[in-house]
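Dock the two chains into a complex; use the hints.
So the protein lines, in turn, are chains A and B. So for the first sequence, our numbering puts the first residue at 1; every next one is plus one. So for the second sequence, our numbering puts the first residue at 1001; every next one is plus one.
It is worth saying that the hints were derived from the structure and are not from the lab. Any given hint might turn out to be false.
As the list claims (entries may be wrong) - Computed beta-carbon distance windows for the label pairs:
1. Tyr480/A with Val1119/B: 24 to 34 angstroms
2. Ile1192/B with Met1/A: 18 to 28 angstroms
3. Glu1066/B with Phe143/A: 55 to 65 angstroms
4. Pro1425/B with Met1/A: 19 to 29 angstroms
5. Pro231/A with Leu1439/B: 21 to 31 angstroms
In this text, a Cβ means the ideal position worked out from N, Cα and C, and glycines have one as well.
The primary structure of each chain is shown beneath.
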Amino acid sequence: MSTLTALARAQAWSAGTAQRVALVRHVHLAERPLVFVPLALAGEASAPLATMVGDDPDSPRLLVVSQPRNRDQRFAFVAELADVMVSYMEGFCSVAEEVAAGRDETRPRFVNAPQVVVPNQAAIGFVRLLGRSTRFRRTTGEFAVGPAVPVLGRWLTYLAERTEHPGSCLLLAATEALSRHWASGQSELEDLNLAALMGWIDPPPGMTGEEAAAAAEDPVLSPPAGPATDPGFDNEVLESLIEACSRADGDAAASSRAVAALERALAGQLVPTWRLVWRALELLRALPEGASVARRWEGDRDSFTGYAAYLRDTGLPQPRRDGAVAAARRLDWLERAQASYAAERAFDDPLAMAEYRMTGEAFAGLVVKAEPDRLDHSGKRRKLRPLIMVETTDPVRAEVGTVMTAVTRQGQSARVVSISADSGDAMSAENGPEDGAEPAGMVRIVLELSGGMGRSLTAAPGSVPEVGEWLCYSSLTADYQRPWEFPPAEETPWTHGGPPQPYVPADEDAVEEWS
Amino acid sequence: MTPGQHEAAQAEPARAGPAQLAASAAEKVIGDLTAGHRAVVVDSPPGAGKSSLVVRAARTLACAGEPVMVVAQTNEQADDLVDRLAAASAAGSQLLIGRLSAQDYVVSARVGRHAGVMVATDAAALSGCLVIVGTAAKWATVKARTWLFPWAIVDEAYQMRSDMLLRIAGQFDRALFVGDPGQLDPFSTVDIDRWTGLTWDPMQSAVEVLLRHNDDIPVRRLPVSWRLPSNAVPVVAEAFYPFSPFVAGTRPGERRLSFATAAFRAGPLDDALELAAETGWALYELPPRHTVRTDADAVGACAALAARLLQRGCVAHSEFAPAGIDVSPDRIAIGTAHRDQARAVRSALAGLASAGPGCSVPGLADVTVDTANRLQGREFDVVIVLHPLSGRRDATAFHLEAGRLCVLASRHRHACIVVARAGIPELLDAYPSTEPVHLNVPAKFPDGWEANQAVLAALAERKVTVR
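Just chain B, same shape as in the assembly (with noise of 0.2 angstroms):
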């Protein structure tokens, strides 16, 4: 996608305010689904009301009688977005909703709660429903001419193989089409060039070969960040989305965090997280060393944020609540590059979990931990990073993914504690990115090199360095 297919950048972003842009956003929007377009495309950055637009729109066009087929990538984000529709069917005018599952697919409570949500997993028992959500993989296996529906909305479209929405696209006449496209691209198991530079390669994602085929495709964009606090959008911005600038919702100083308790004695942690929580970024910077995967100061370390951050007693405060509320256990995340670390990370909070009497940090089991794939779409208040690059000898194309750093540094509402090992910016150095370029492919950007590059110049400002 060329920068030319976003819509100019808003002119004037100073003067309106977020909650004006956003919604004038949203209203283009809408309004290009009744505009007559095949499709319609809308790039969302971290946490701008993707969902909400979803949910908006999807009622917008099954309120006009038309039914509405909603194509989510997980069972969680269907569960998700069938709790939203539910819960805006109740407070607005009623609309019965499908949730089209598999077999094996317990109801969630989430989902259970709700009156008008029918569960089914054949298709023909959901025909009296205006808005049926399920997950592309089940909608795949709909057969062929039993619907065609006016209109599908699919959901986080950055995530969906392009032969996923071949396997679907019979079934729909037009869509609209809402992802992120800084995160984390599709993959494949295996690994051949065959179809490199083909514009129907299976492997690139859905909003590509759409976009490579249809070249009249609205490409919307949605101004706002609701989720970033106004310290990490800039950053973020400026790294992954180069040409597609955003705002944050919140103004500087409305989001921050604070502690109940006084750190005892000033270290390295408490250093870390002091800065962390006044500029809502924090490097923690341990000796330079060449590690195996699971270095094990650095994830010690992570555990250790984790841990003295709970102990101090954190306090956040924020738009919805200016007075503070704790920062619990589930509110914080420890985000990896591979499973591995991750593994690591939680025997390490399971060490610090049960360290003795006096000693041990209640709930430091809930605390999630996971890799940059499993964290794609979700939210917390703080995020600790294992940065990617740390300890490594060689900078891969996995590691040095932007959409792998981009779900890593974008999953916070107030800070994110980066951990790693110094001599990245050497690293980066000694090993430029090499990846072919091949014909027929368009360029992508922002190249990860860069990415990771402008990540760490803005980290190197809010360093803490460990002895």
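The following block holds chain A by itself, in its conformation from the complex (with noise of 0.2 angstroms):
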């Protein structure tokens, strides 16, 4: 946790409701984003129970497993489920755009994608398990499942696995996006809960935070958002009721009653937490978005075009286990993604660049002098090299030679010359504050400018900051840079366990043990 967070989460709790940790919105939300409330059965792992999914906050489709331990029921389940998911998916594979790809060559791109939006990280755990256990699964032959199971293996796997990938947002956990948003006055763990996170940022009318939160630890008033249920519900009602479903077997009339009384208790353990997270996604909305957040989008879009175009074509499982080659490579877009992401968020938010500010690693400051037209003659070719000077109270920790970029002036990269601390401060290191704070001296810094002014060797209008402009300069760059080149798979070397084996697509897939 960031020193800001911590302040922040402390004034939640003294102000008694949430603090906000960003100024804008960086999550991309969708118009129409699926919702997903997953439940599953103690005791088995990944055992669906019941779910509640749809588009619409006033129609949801309740799905229940009446014995969740009966293996067709689980994947007739799962079909009805496709059903819904499958559709949804490919409702927008319909409308692409050409999109710039390279020198006179575009490919297209879904102008837009799907957004799943679950309750919180367990369900997205769940969505993965659920995708691992039926991707494989065969439509022929013995175990048969209907045909769109494994295609909603496939899909689920694929939105499990970009969850990974920083800045993604096709699959959403709610407490997750909402705690990059806002601080609560309770622990990062207490915050997983949906319901006291929601608690804390939109407390009912005449509660504080904290008394939201605490009303919502009571399972009976707020059922848990799942994929594990309350155990007192499991003991109490569940149990007996799954029970009459399993003897009403084979009476119609029973059964469709006992069925009805299930599916009666299960909606009132989904519905509150349906509500909670169309209601996150509203507080979400409410917010400005963040100048990077479509860029981002359209990065997911892309991938969401690239899997629905290999779903189609080639269509084959993911497989269990990267190989060594795909392992390094997914690693590289991950890191990528990770320092593009820290970045642009630092760039749109200007109380995420305090983090940055606070750790020296960013300043901010007015320009106190300019060199507009000075020029490098140390080359071959004389350069324009402007100077300016900045004046800033932030703990400066750059070094000489440190290149950084102002987030109003991204084009244009500036080299730190010389770091000078005003004389007045030497003292107060040792009399400064007890917490080890950095002295509050005036510190200027001179930078030189290049690139994003034009061809000549006088500065374009306005491309040189003047005096009086307030900047920010940081180390950070959201630049796109190409990815590493690896060997390809089939030249694995020697050191990493040599070439593998092709993977080869076999019935005995299906057959394992996976519940």
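In structure tokens:
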């Protein structure tokens, strides 16, 4: 937890309501997200029990497995879920735009992409497991399942893997999306409870956040957001209802009565969370969208377009494990995405940038001197290299030679030429504040600018910061960098086990213990 | 890596002198190079002559007419190796050394002064060189199949990540991997566990991935630390290298510190300095308290110890200079766990350096202050350590990491002074390591928790308590 978040949490606790830690929204919100609230049966990993799913807050679809231990019923449930989800996914695969891909070439990109919202991180884990247990299923032969089941498995796996990509919004956990924008007055662990977190952010009238969060701990008033159910509910309600369904097997009237009772009980568990997720989306939607959210969503759409095409053309399920080259390549993608997400977040949001300013990786201040016409004569050709001096009270940790960019002038890089502190603060290190904070002296930084000033030897008007302009410089960069090159998988070197056996789908894939 | 993979401990270390031990170990490694192994791994404790071995192996292979690819991890390390290779070449048989570099590389003075060194950004321009040195990141950009070297030498291989090895492994046939297993492991900015347990997990080190796929690779070990003094070796070896003991290259008493001036009034600072001069270690213990990371008292104590050391005029006596030479500011380092702590120490030093007429200490700004990650591979006479667990409420995996403490406690030639708040043993007891154990992941020794306990136990006898 950063110092600023810790401060925001302390403030939230004393104010009794959550505090904003972001001034803009860093997640993309689709016009028509699909909310998916799954429940699992206790004691059986990823055995679906019930779900509430849909893209309309007023008409959720409730799916229930009346005997979750029965594999046939389980796959019947998955087939029904596939009906909803796969058609939702495929609904985005019709309208595409052409975007430039290199010189004179274009590639298609769907104009929109799906967005699945689940209540919490555990539900993302459930999505992953459900995808894992269905993507290898066979639609013919022994233990055949409906044709949509393995397709759903591939989509769910795709979504779960995409969440590892920092900044991706195809599959969102409500608690995580909220925590990126608000700090509550409770611990990070308690924030995993959607009802409690929403209590801090959006307490009911007449209650403080703390009271609302305390009330949310009562499983009768606010049932857990899943996938795990409340053990009290399991023992006192669920067990007898499932039992009744099993007993009524064969008796149509009794069976439909028993299933209806089970559905009512499970709906009672699901509806509060369903409402909370939609309310969370409403709160997030009220925040202004960050400037780079659209760009990241384009990345999501690209990825979605690519996977939809793969599914249509090849359609093999994702392998159980990454091979040596695939793993290294994925790590490279993820690290790149992580760095550019962190940079974009800071560029979009002064509060996020404040974290970097506190640690000295960024500074902000006024331009006090500018030499817009300075030329660098050291090389063969003269180059335009204006100098500016920025005065700041931020603690500066940049070293001479560091290349930085300003938030508002990203096409222009600035190299630190010199850093000089005011002599007045030299003593304050010793008698500074107890917590070891930096002395608040004035620091002057001289920066040499290059780029973004036109081609001539005099800078284009407005391209060099003028005296009096307030600028925020950091060493973060969101520039595109080419991914690393790796050998092809069939040339995996001996140090990494040599070339792997190529994957051939086999009937044995479906025969495995999976629950 | 299991202890069994190491060669058995030297049977009679007491009989043979350290010089002979080291020579025969190096001889064995050089012998392995011609024995037909696909790869050879050499584990080296701190300051055991790793670079000398790299230079010797590179020259042996190159003199036999085979071009050698040398892989370093940073430009600094690459330049150091080029410097040593070129010096050896000037003294012995001439070899043209190539330095493969990136576009923005500025030739450092220690590379530029040698005549037999060619610097180029393009691999093809160096085809006349028998030894080519570059960073792993630069080697990885060389187009596939430009070259297939019969041999590569990978320096600091435990700091190279598995995915980096994957990128360069296509360029060599056989390889010698040299590194220190006790130092910090490579890390990633993303935190996911999807590859945990896979033998080719890209987050592990190059040596780990190599050994997990090739179980017939000999793992050799350098048995003598030339850097660490004789009073540091038992502590460091026991805490961080429990299955690969090593000895000190110097005899007890051969390395010592003395002061040019007597302490005018004895205080805890002087007590700690005297203790460190006498025993090679000191724990400067501040009263217990939970603090923020940049604990002003602890940071101030680190700076004050460095200043006092310089004020007193510290003289180091060693096997090279029995009469003693002054410990200059650039031979002193202050090591921390976090970058903000290093920054706080630097500003505290700046405060002391200009503390008014009569009190100022010249050269205080030249004291090296950095984090464990950045001090890796460096060497100083005296090191002052801000203990990673000082003043903390909890002990996370980051702060418990054995490699972090190992780096901090093994940079010195003469003495190491640890600054900490009291109460770390209690903190360790309250936070036993709770890292999950995963299937198919080799257990790593030593465990950080245990290593911390071992170091604290050794320091408990050399404690100066501040009230």
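Hints and how they fare:
In this structure, Tyr480/A and Val1119/B meet the distance hint of 24 to 34 angstroms, their C-beta atoms being roughly 29 angstroms apart. For the pair Ile1192/B and Met1/A, the beta carbons lie near 20 angstroms from each other, so the given range of 18 to 28 angstroms is met. For Glu1066/B and Phe143/A, the hinted distance range of 55 to 65 angstroms is satisfied, since their beta carbons lie about 58 angstroms from each other. Taking 19 to 29 angstroms as the suggested C-beta distance range, the pair Pro1425/B and Met1/A conforms, at roughly 26 angstroms.
Pro231/A and Leu1439/B have their C-beta atoms about 29 angstroms apart, which keeps the hinted 21 to 31 angstroms range intact.
Hint check: no violations occur; every hint is consistent with the structure.
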